[in-house]
Amino acid sequence: MSDDDQTPGQTLRTAILDRARLEYWALVAEVVSAIAVVISLIFVGIQLRDGNVVSTRAEANATQDQWTAFNASIYGDGETADIYHAATTGVRPLAPVEQLRFTFLLREQGWLTYQGWERVRVGLRPPESFYEGAGVDLAIVICTPGGRGAWPQVRREFPPAYAADIDILVSAQARTLGAACPSTAPAS
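Numbering (this note's numbering), first residue to last: 787 to 974.
These aren't lab readings, by the way, just hints derived from the structure by calculation. Note that this is a predicted model, so its numbers are computed, not measured. Keep in mind that a hint or two might mislead.
Quick list of simulated restraints, FRET-style, between CB atoms [claimed, not checked]: (1) 852 x 827: 36 to 42 Å; (2) 964 x 857: 55 to 61 Å; (3) 963 x 879: 20 to 26 Å; (4) 822 x 962: 28 to 34 Å; (5) 939 x 863: 44 to 50 Å; (6) 867 x 824: 28 to 34 Å; (7) 963 x 939: 53 to 59 Å; (8) 830 x 942: 33 to 39 Å.
Glycine included, each C-beta is placed from N, C-alpha and C at the ideal position.
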């Protein structure tokens, strides 16, 4: 059977299955696949970004919840608020039990601030939230009459890198206020 003897269906089949035509369609399929991969990667990137935004927001909410509980323990109890006020202003000396309670308050504030510092360190919070916010607030308390007495004892409990960052903030606070803040050297 010669080429002239082929039926119209066989000619169409030969034209579709021609090697050059198959290579062309394979190339088109590769291009379409590559475009699909790029589009799916863009979609995954958008999903990851959205997930990171949600995670960052959850960290901010967790931080706020922790601070709310701490603040409520002070302003929700008149006696605790009085101890905190007396320790930070020096309006009266603290009784030994009051000094112990203030030391625990300072410890709690220190650990809450540490949680914020750690979140900054791993990139979950902006650095300003520590270096212009909670860290400075802790340094202000440390530079008060009660803080000067309690901080050297409390400082020993914290990781060295965190304590060093607090020491820098305390030194800056001392310069700003001209206050006598506790020594930033580790207590022995």
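Does the Cβ distance between residue 830 and residue 942 fall inside 33 to 39 Å? At 46 Å between Cβs, range violated.
If you check the beta carbons of residue 939 and residue 863, does the distance land in 44 to 50 Å? The hinted range 44 to 50 Å is violated for residue 939 and residue 863, with Cβ atoms some 23 Å apart.
Is the gap between the beta carbons of residue 963 and residue 879 within 20 to 26 Å? For residue 963 and residue 879 the Cβ distance comes to about 22 Å; the hint holds.
Verify the CB-CB distance for residue 852 and residue 827 against the hinted window 36 to 42 Å. Given range 36 to 42 Å: holds, Cβ gap about 37 Å.
That 55 to 61 Å hint for residue 964 and residue 857 (C-beta), does it hold up? Given about 28 Å between the Cβ atoms, the range is violated.
Does the beta carbon distance between residue 822 and residue 962 stay inside 28 to 34 Å, or does it fall outside? 59 Å, violated
Taking 53 to 59 Å as the hint, is the beta-carbon distance of residue 963 and residue 939 inside that range? 22 Å, violated
Take the C-beta atom of residue 867 and the C-beta atom of residue 824, compute their distance, and say whether it sits inside 28 to 34 Å. About 60 Å separates the Cβ atoms of residue 867 and residue 824, which means 28 to 34 Å is violated.
Of the numbered hints stated above, those contradicted by the structure are hints 2, 4, 5, 6, 7, 8, listed in ascending order.
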